[in-house]
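**Student:** The listed protein sequences correspond, in order, to chains V and G. Residue 275 in UniProt numbering sits at position 275 of the first sequence, with consecutive numbering throughout. Residue 18 in UniProt numbering sits at position 18 of the second sequence, with consecutive numbering throughout.
Everything labelled a hint here was simulated from the structure, so no lab data went into it. Don't take every hint at face value.
Said to hold, decoys possible - Residues from chain G that keep clear of chain V, each with C-beta distances beyond 12 Å, as calculated:
#1 1
#2 48
#3 66
Claimed, not checked - With a cut-off of at most 20 Å between alpha-carbon atoms, the simulated DMTMM-like pairs for lysine to aspartate or glutamate come out as follows:
#4 417/V - 532/V
#5 7/G - 632/V
#6 23/V - 139/V
#7 466/V - 532/V
#8 50/V - 517/V
#9 619/V - 632/V
#10 466/V - 102/V
#11 23/V - 102/V
#12 22/V - 102/V
#13 627/V - 3/G
#14 26/G - 469/V
#15 650/V - 32/G
#16 551/V - 369/V
#17 372/V - 296/V
#18 26/G - 707/V
#19 372/V - 469/V
#20 103/V - 364/V
#21 105/V - 362/V
#22 293/V - 369/V
#23 58/G - 677/V
#24 792/V - 32/G
Beta carbons: idealized from backbone N, C-alpha and C, even for Gly.
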Amino acid sequence: MTQVLLIFLPVVCALLIPLLFKKLPSIHTGWFVLLVPASLAVYYATFVTKLENHGPYTSTFHWVKSLDLSFTSYIDGLSLLFSLLITGIGALVVLYSIFYLDKNKEQLHNFYFYLLMFMTAMLGVVQSDHLISLYLFWELTSISSFLLIGYWYNRDKSRFGALKSMMITVFGGLMMLGGFLLVANMGDTYSIRDLVAQAPTLASSPYFVLALVLILLGAFTKSAQFPFYIWLPDAMEAPTPVSAYLHSATMVKAGIYLVARLTPIFAISEYWIWLVLGSGLITLFWGSFFALKQTDLKGILAFSTVSQLGLIMSMLGAAAISLHVDGGSSAIFKFAAFAAIFHLINHATFKGSLFMIAGIVDHETGTRDIRKLGGLMSLMPISFTVAAIGSLSMAGLPPFNGFLSKELFFTSMLALKEFTLFNFDTWGAIIPIIAWVASVFTFAYCLYFLYNTFIAKSDYKELPKKPHEAPFGMLISPIILASFVVIIFFIPNIIGKYFVKPAVLAIQPQLYRSASEIDITVKAFHGFKSTELWMTIAVVIVGFILFSTMKKWRKIYTLVPEKWSFNHLYDQLMLAADVGSKKLSNLYMTGAIRHYLMYMFACIVALVVTTLFLKDGFKFSFAHTAKIGIFEVAIVIVLIVGTLTVLLAKSRLTAIIALGAVGYSVALFFIIFNAPDLALTQLVIETVSVALFLLAFYHLPKRYRIEERMPFKINNFLIALGVGIMVTLLALSAQSQKLIPSISQYYKDTVFTEAGGGNIVNVILVDYRGFDTLFEITVLSIAGMAIIGMIKLRLSRKEKKSHENE
Amino acid sequence: MIDVILKIALTLFSLTIAISFYRVAKGPSMPDRIVGLDTIGVNLLSMVAIISILFGTKAYLEVILILGILSFIGTIAFSKFLERGVIIERKSNR
Chain V
1 MTQVLLIFLP VVCALLIPLL FKKLPSIHTG WFVLLVPASL AVYYATFVTK LENHGPYTST
61 FHWVKSLDLS FTSYIDGLSL LFSLLITGIG ALVVLYSIFY LDKNKEQLHN FYFYLLMFMT
121 AMLGVVQSDH LISLYLFWEL TSISSFLLIG YWYNRDKSRF GALKSMMITV FGGLMMLGGF
181 LLVANMGDTY SIRDLVAQAP TLASSPYFVL ALVLILLGAF TKSAQFPFYI WLPDAMEAPT
241 PVSAYLHSAT MVKAGIYLVA RLTPIFAISE YWIWLVLGSG LITLFWGSFF ALKQTDLKGI
301 LAFSTVSQLG LIMSMLGAAA ISLHVDGGSS AIFKFAAFAA IFHLINHATF KGSLFMIAGI
361 VDHETGTRDI RKLGGLMSLM PISFTVAAIG SLSMAGLPPF NGFLSKELFF TSMLALKEFT
421 LFNFDTWGAI IPIIAWVASV FTFAYCLYFL YNTFIAKSDY KELPKKPHEA PFGMLISPII
481 LASFVVIIFF IPNIIGKYFV KPAVLAIQPQ LYRSASEIDI TVKAFHGFKS TELWMTIAVV
541 IVGFILFSTM KKWRKIYTLV PEKWSFNHLY DQLMLAADVG SKKLSNLYMT GAIRHYLMYM
601 FACIVALVVT TLFLKDGFKF SFAHTAKIGI FEVAIVIVLI VGTLTVLLAK SRLTAIIALG
661 AVGYSVALFF IIFNAPDLAL TQLVIETVSV ALFLLAFYHL PKRYRIEERM PFKINNFLIA
721 LGVGIMVTLL ALSAQSQKLI PSISQYYKDT VFTEAGGGNI VNVILVDYRG FDTLFEITVL
781 SIAGMAIIGM IKLRLSRKEK KSHENE
Chain G
1 MIDVILKIAL TLFSLTIAIS FYRVAKGPSM PDRIVGLDTI GVNLLSMVAI ISILFGTKAY
61 LEVILILGIL SFIGTIAFSK FLERGVIIER KSNR
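Construct the complete structure from the given sequences, taking the supplied hints into account.
**Tutor:** So, in structure tokens, the structure goes:
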């Protein structure tokens, strides 16, 4: 129970943040915040050794039992690894932010509240076993990320970036919800563990592929995969601690986590393999290619994050293949899952440190523009060392952890050549080439980042601030991360045993029974015969050439106009949605009641007539009709003449009088159909309403009192004709098919015995069905009061007058 | 016998109404129309009376009274409207 409640610890602590910020202004609020991720990290670290003997830990908090909703914390190797990343890097980021954000200038209570909210959301995403609560936390990450990106809300760019990331990730999130519901429907459970258990039967469902695509949309938008990566570079408007935490180490890996977590369910499908592998490779290449175009430090890092996420994603796609290979645990494909998780850890370490260094450079020089920067090596030696470790690890050089994961990456991509199912025999050869080219670009942009910031000569006078080494507190976190980068290179197998293998077990549960069964050892050196080593050497050589000739070929980026970029597409889409929907609603919402009435009447006619035709409702029989007498004919003629006069009259007065004539002939109808009470009322009401019409007519403004015949409009005519015909047909067919006898016999029998009255109409009105009368009286009184109000209450004029008097 | 006579009377009244209606529709001036309407009211009243004899019921006697009153009030209102331009005049001492 404590395990699941601890997910909520950050957000509960967040409630205290504003209080601490206001009451204890002398201490930087970040010091209090630091306790939360630090203690959580220690708590989760205790699981590392326990997990091996005990197996996964679960803990459930029931939320809505009747709907089968619960918060379930499920800690296995994969979620433990992510929880440790979140809390560990979270603690380092908080420590860094204490020195990065000024406690007097910044609204720290907002910042740390959002950050802690994000931490809860992220822990919830990686630990949830329940699909709906996973979605809940998933959206909470989107919202808190939105708030954090827009932290400096008075800047236009921040708001734009926040909105863009919100739109894209929430779009993906909603798609994912659809996928979740489909999967939950197929397996009749929300629990991911139960779904994994019945994975083979799920694949036979007709909705399987749809659910797969929808869930992948969610994962791809969150993890900034091609072509949804466009929000990530714009999210760099956030404060640097946020970029380091959310947009390199944690949130963008939520999609990776989701793909890894659901691999056991979906890996059986070739669509999954191709989509994950393909989009990963495209993203890898695209991100690394465009990183060289950027001139902003954080822009380079954003594109490199996109590219590295693509790398991890492609390895997860390759990991899904091992399901289709006989003896997958011994085949060469087993490396992919291991490599993906291993690189995920490595990426979190070096990318976090690089972002922090970018922040330090920004903080100490006042700019992040790589064209202005340069030569900081001698001024900021510690930052330079950390940056060098980070970038060389990212480039994939020894003795840093990036080298190991890059070698593993090449191994798993080369292995694809041996796979022959699902058209891999035709495409398999291209994949390692794409991966290799992307690595060359990666190498080039790492050098570009490092060289142009720290080594190239530059004039300091143009910088907004005089650069100097950052305070020690700000350097602690990047130094810790950079030391991890080096340490992991020397002890990869210890990391592998305690962190990577339990996570691999969660991705490929069908291959292994326990984590200790996975027989992968990472070696730094494979011998001179291995292809991977020669590929790395080639990467270094070609990458170096590419970097040194950068000025010559850089024009290539201007070849493709800005109009064809995905950012432009996004802008156009938003604009089209905005302008298009406005145009659409202006098209039909004309403001003219005439048009709305036309829509309504046309719809009624279409709906009723179609329904009657489809349901075979037209059945006319004249068996029960009464005889038609001469009076009826005469009055009907009067009615028709009166109605036509109303329509065709040239003056309004004639129309009013003709309307009166119609009313009176209706009264005559009541008389000959034996309804004296109705006739009485009708006569009086008709007179009063004719008088009211005359009143209204008299007060028409003289300017508009042009007497002319109503103009003929074919549309109006057709609709009116349609409504008339429809009502006639409806009345006839309703009259022809009376299914049950009327209840009026009861009233006739009991009007005197039960109610003590002789006038059956009046007795019905006040006795049998007196409630209707009551509320009709209410209607009349409301109408009366409304008229009084309308006439007497003239606030607007009074107000005008009082203003004039002033 | 009486039935036939009553029906003849009804027909004649209807004819009268039709002729009066022609005056209402055509009537060159407004007073023509109002007199026509008044005539229609009186004839309607007579028709209701004959119909109630034909149906053998007393239920329509109120209708006859109401019609008489309404026709009177309506004619007065119209006439006043033509003469003064308003139907209900405001009190002068306000």
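**Student:** Does residue 707/V sit within 20 Å of residue 26/G, going by the straight-line distance between their CA atoms?
**Tutor:** The hint holds at about 16 Å.
**Student:** Going straight from one Cα to the other, do residue 293/V and residue 369/V come out at no more than 20 Å?
**Tutor:** Satisfied, since the Cα-Cα distance of roughly 12 Å is no more than 20 Å.
**Student:** Can you confirm whether the C-alpha distance between residue 50/V and residue 517/V stays at or below 20 Å?
**Tutor:** Measuring from Cα to Cα gives roughly 17 Å; hence the hint holds.
**Student:** Keeping to a limit of 20 Å between CA atoms, is the pair of residue 372/V and residue 469/V held or broken?
**Tutor:** With a Cα-Cα distance of about 18 Å, the restraint between residue 372/V and residue 469/V holds, given a limit of 20 Å.
**Student:** Checking the smallest CB distance to chain V, is residue 1/G really beyond 12 Å?
**Tutor:** holds (19 Å)
**Student:** Check the hint pairing residue 650/V with residue 32/G against an upper bound of 20 Å on the C-alpha distance.
**Tutor:** holds (18 Å)
**Student:** Sort out whether residue 469/V lies within 20 Å of residue 26/G, counting only the CA atoms.
**Tutor:** violated (104 Å)
**Student:** CA of residue 103/V to CA of residue 364/V, is that 20 Å or under?
**Tutor:** holds (17 Å)
**Student:** For the pair we were handed, residue 619/V and residue 632/V, check the Cα-Cα distance against 20 Å.
**Tutor:** With Cα atoms ~25 Å apart, residue 619/V and residue 632/V exceed 20 Å; violated.
**Student:** Need the status of pair residue 105/V, residue 362/V: alpha-carbon distance at most 20 Å?
**Tutor:** Answer holds: residue 105/V to residue 362/V is near 17 Å, not above 20 Å.
**Student:** Check the hint pairing residue 22/V with residue 102/V against an upper bound of 20 Å on the C-alpha distance.
**Tutor:** Cα-Cα ~15 Å, so holds.
**Student:** Next pair to validate is residue 627/V with residue 3/G; report whether the Cα-Cα distance is within 20 Å.
**Tutor:** With a Cα-Cα distance of about 18 Å, the restraint between residue 627/V and residue 3/G holds, given a limit of 20 Å.
Of the numbered hints given earlier, the model fails hints 2, 3, 6, 7, 9, 14 and 24; all others are met.
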